[in-house]
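Student: Here is what each chain is made of, one letter per residue.
2 protein chains.
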Amino acid sequence: MMERRLLLVSNSTAYGGSFLDHCQPHIGQVKRVLFVPYALHDRDKYTQAVRAKFSTLGYEVDGIHEASDPVAAVRKAEGIFIGGGNTFRLLKSLYDNEVVSEIRRRVLEDGMPYMGSSAGTNVATVSICTTNDMPIVRPPTFAAIGLVPFNINPHYLDPDPKSRHMGETREQRIAQYHEEADTPPVLGLREGSLLLVEGDKATLQGSTGARLFTRGAGKDVDEHNPRNN
Amino acid sequence: MMERRLLLVSNSTAYGGSFLDHCQPHIGQVKRVLFVPYALHDRDKYTQAVRAKFSTLGYEVDGIHEASDPVAAVRKAEGIFIGGGNTFRLLKSLYDNEVVSEIRRRVLEDGMPYMGSSAGTNVATVSICTTNDMPIVRPPTFAAIGLVPFNINPHYLDPDPKSRHMGETREQRIAQYHEEADTPPVLGLREGSLLLVEGDKATLQGSTGARLFTRGAGKDVDEHNPRNN
Chain V
1 MMERRLLLVS NSTAYGGSFL DHCQPHIGQV KRVLFVPYAL HDRDKYTQAV RAKFSTLGYE
61 VDGIHEASDP VAAVRKAEGI FIGGGNTFRL LKSLYDNEVV SEIRRRVLED GMPYMGSSAG
121 TNVATVSICT TNDMPIVRPP TFAAIGLVPF NINPHYLDPD PKSRHMGETR EQRIAQYHEE
181 ADTPPVLGLR EGSLLLVEGD KATLQGSTGA RLFTRGAGKD VDEHNPRNN
Chain W
1 MMERRLLLVS NSTAYGGSFL DHCQPHIGQV KRVLFVPYAL HDRDKYTQAV RAKFSTLGYE
61 VDGIHEASDP VAAVRKAEGI FIGGGNTFRL LKSLYDNEVV SEIRRRVLED GMPYMGSSAG
121 TNVATVSICT TNDMPIVRPP TFAAIGLVPF NINPHYLDPD PKSRHMGETR EQRIAQYHEE
181 ADTPPVLGLR EGSLLLVEGD KATLQGSTGA RLFTRGAGKD VDEHNPRNN
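For the record, the sequence lines run as chains V and W.
Going by the UniProt record's numbering, the first sequence opens with residue 1, and the numbers climb by one from there.
Going by the UniProt record's numbering, the second sequence opens with residue 1, and the numbers climb by one from there.
A portion of the hints provided could be inaccurate.
One copy or any two copies: either way a pair holds, since identical chains are not told apart in the list.
The calculated lysine-lysine pairs, modelled on DSS-like cross-linking and capped at a C-alpha distance of 30 Å, are [claimed, not checked]:
1) 53 - 162
2) 92 - 31
3) 201 - 53
4) 92 - 45
Read the hints as simulated data drawn from the structure, not as lab findings.
Model, not experiment: these values are computed from the prediction.
Pulled out of the complex, with its shape left as it was, chain V reads as follows:
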């Protein structure tokens, strides 16, 4: 049994420079990455863009939608990257293509490196119940791949005291989630933050920090918030 190795990024457009800088030590000896473009409608275009970025560092990219057997593609992958877009569309496609349990097995048993950005970060957690996305399609369940025992809210936004917008703040939305029974902790991952998971250890990287919300807790923990310095 190998240790799990995850790199979970807040931003959806995180296949740029700084994301790749973090990927390199993370995926180490990996030469080919299996890319999952299910979160966007145009899978070919999305894969081309990611392929171009990864090629600058010498990685080959295979689009999972290009494989005749997606489960077999996961079974033989050296590393996997699930990109951002719409989380509902992504999770539904993961179930439609029956790859959820194989991805879980490869990451938790074989230690296959997993990289996710935005929606790809959401689906790595317990459930997609703390996504910011519109429910444009309905997956068979909100339970996700379950690679970590908590949820993440990507693109976490702090409450803006100057805002006159009447929609709920992100904090209020997460509090509503925690009004429901048996809900796991939620990590509000600000843009610019990444969570590196190695075995049972999670390390926050990047400069913007995160907030951890737990059900029924009196106080939330704000990790590495530069504004606290």
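Chain W: place on chain V using the hints.
Tutor: Relative to chain V, chain W alone:
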């Protein structure tokens, strides 16, 4: 068969003054309003707040959760108001309490006046697929009460060219919805706007306007946008 009469409001905190001003001509001779507080966790507190507001205009308010038989409560209601909160929680409770088809029948056949704010506006439409809320619970379907043949995005926010936030704009999220097959038009209802539906006629009220998005259309229509004047 009576004409349908709906008052659909963008804001969730719309049981204040201006909302009630619009309610009065809408519900006319109605003396008692059935309030549906399912979108918030604390139904008693929510009902008390709404009851206090409506009492200033001389309306009695019954909370649907106070009735031993919610379907019977809908059957005998003079008018109904579904309040805002979390749209997923609201729709799930409407189905759990088996009131969806009875509300539809009373509005479409009996002309029972319907008032909705935010989540209560979402559930009046074709589906909740264009809500802004977090999917904190999973309803048995995303199909909603279906009182109008389109969807609404409440709290509609125009793209902010100055924003550095990397999450999708509301416009992009609605465009992603329209990438899916057989999706109805979406009315982006800005805060401060209300849609009055009388029979087959819909009238936009308030000062902020709305944007209408249709699948595959080359151009969106911006109705009553004060910035166009």
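Student: Confirm or reject each hint.
Tutor: Status of each hint after checking the structure:
| no. | hint | result |
| --- | --- | --- |
| 1 | 53 - 162 | between (38 Å within a copy, 27 Å between copies) |
| 2 | 92 - 31 | within (29 Å within a copy, 46 Å between copies) |
| 3 | 201 - 53 | within (29 Å within a copy, 51 Å between copies) |
| 4 | 92 - 45 | within (20 Å within a copy, 37 Å between copies) |
Violation of the numbered hints given earlier is absent; every hint is satisfied by the structure.
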